[in-house]
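Top line first, the protein sequences correspond to chains A and B.
Quick note on our numbering: the first sequence kicks off at 1 and runs consecutively.
Quick note on our numbering: the second sequence kicks off at 1001 and runs consecutively.
I should point out that these hints are in silico values taken from the structure, not numbers from a laboratory.
Treat the hints with care, as some may be off.
[Stated by the list, open to error] With the C-beta cut set under 10 Å, the calculated list includes, among others, these residues of chain B facing chain A:
| no. | residue |
| --- | --- |
| 1 | 1021 |
| 2 | 1069 |
| 3 | 1084 |
| 4 | 1122 |
| 5 | 1124 |
| 6 | 1139 |
| 7 | 1187 |
C-beta: ideal position from N, C-alpha, C; glycine also.
One-letter residues, chain by chain:
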Amino acid sequence: MLIGLYFGALIVKSEALSWFRIQEMFRLQSFHMFGIFGSAVLVGGVTVMLTKRYHLPTISGETILIEKKPLQPTAHIIGGVLFGFGWVLTGLCIAPIFALLGVGAVAAIPIFFGALLGVYLYGHLQHKLPH
Amino acid sequence: MKTFHLLSGPWPWYVAGPLMGCTIPLLLFWGNRMLGASSSLKHLCALVPSKAEYFQYDVRKGYWNLTFVFGVCIGAALCYRYFYETEQVMIAASTMADLQLLGLSDFRGLMPEEIFGQNQYQQPRFWSFTLLGGLFLGFGVRYAGGCTSGHGFMGLSQMSKASFLAVMAFFAGGMFFTFFLLPYFLI
């Protein structure tokens, strides 16, 4: 949970939860959001590489298993595009929804319930959808 | 040149980005977990009784994720309250100009008050931007198998093909919507 606190604080400080920032990003009018993604992935990428190469364990000595998500092209594409629509409308991805709830924006409430409903719908329709 | 106040202002990408990326080693080395946020929504739905196979699993496996997003919520709340005093997000002038052309004029706050303000709930637009937006997010995210934390940060860090594809789709969808569909929603 402490790590969550850390991540949440950074979401606010980086303004990644700002609808305006997301507009800036999709219109390619600022490097800010791309810089965040790029530099974060750089740190993460080096971490993953080092962990795999040197078989780094956790602090308590457990083996770390880094599994990739299964490749489901149709699902990634259709789902991703729909996610993109939601990202534009709300100016949020998933973790920022929780951040916005914390910030206290009233709009976060219907967004949160919409997202829950969306997941619920997906769960029930999943077997009928192409993946 | 944006002013950089450590305690009260926003942080530039080259400070916030790497720090956010550090969440990956923090989670890996401390908790043996891979970064991801959208599973939390799945776990919350699974708490409700349902016949869908998608939600039939032991939700206790997901407790760490629920704790994580709870932390995100609280962390954001504390940070916003004590460490963030900006009234207006300093976005590019070109973005402001584009948004003004689309009808927005109030750029204060994290999100446009004209769309999302709490006294806007009587406007249909409020609901299409929030509830419908949320629906797209929720449905899309699990369909795609992850969000910008799971696919975007963690997946790209692993050089996962699945994540490359998902992230491309996120941006393709977002850009398409911004340029072709957003104006209709802003009416």
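Checked hints:
With a least beta-carbon distance of about 3 Å to chain A, the hint placing residue 1021 of chain B at the interface is held under the 10 Å criterion. For residue 1069 of chain B, the suggested interface contact is upheld, since its CB lies about 5 Å from the closest CB of chain A, less than 10 Å. Annotation: residue 1084 of chain B was flagged as interfacial toward chain A, and the flag holds, the nearest CB pair being 5 Å apart, inside 10 Å. Taken as an interface hint, residue 1122 of chain B does not check out: its beta carbon lies about 13 Å from the nearest beta carbon of chain A, beyond 10 Å.
Given the 10 Å rule on beta carbons, the hint for residue 1124 of chain B is violated: about 13 Å separates it from the nearest Cβ of chain A. Proximity of residue 1139 of chain B to chain A holds as hinted, the smallest CB-CB distance being about 4 Å (cut-off 10 Å). At about 14 Å, the closest approach between the beta carbon of residue 1187 of chain B and any beta carbon in chain A exceeds 10 Å, and the interface hint on this residue is violated.
Checked against the numbered hints above, the structure breaks hints 4, 5 and 7 and satisfies the rest.
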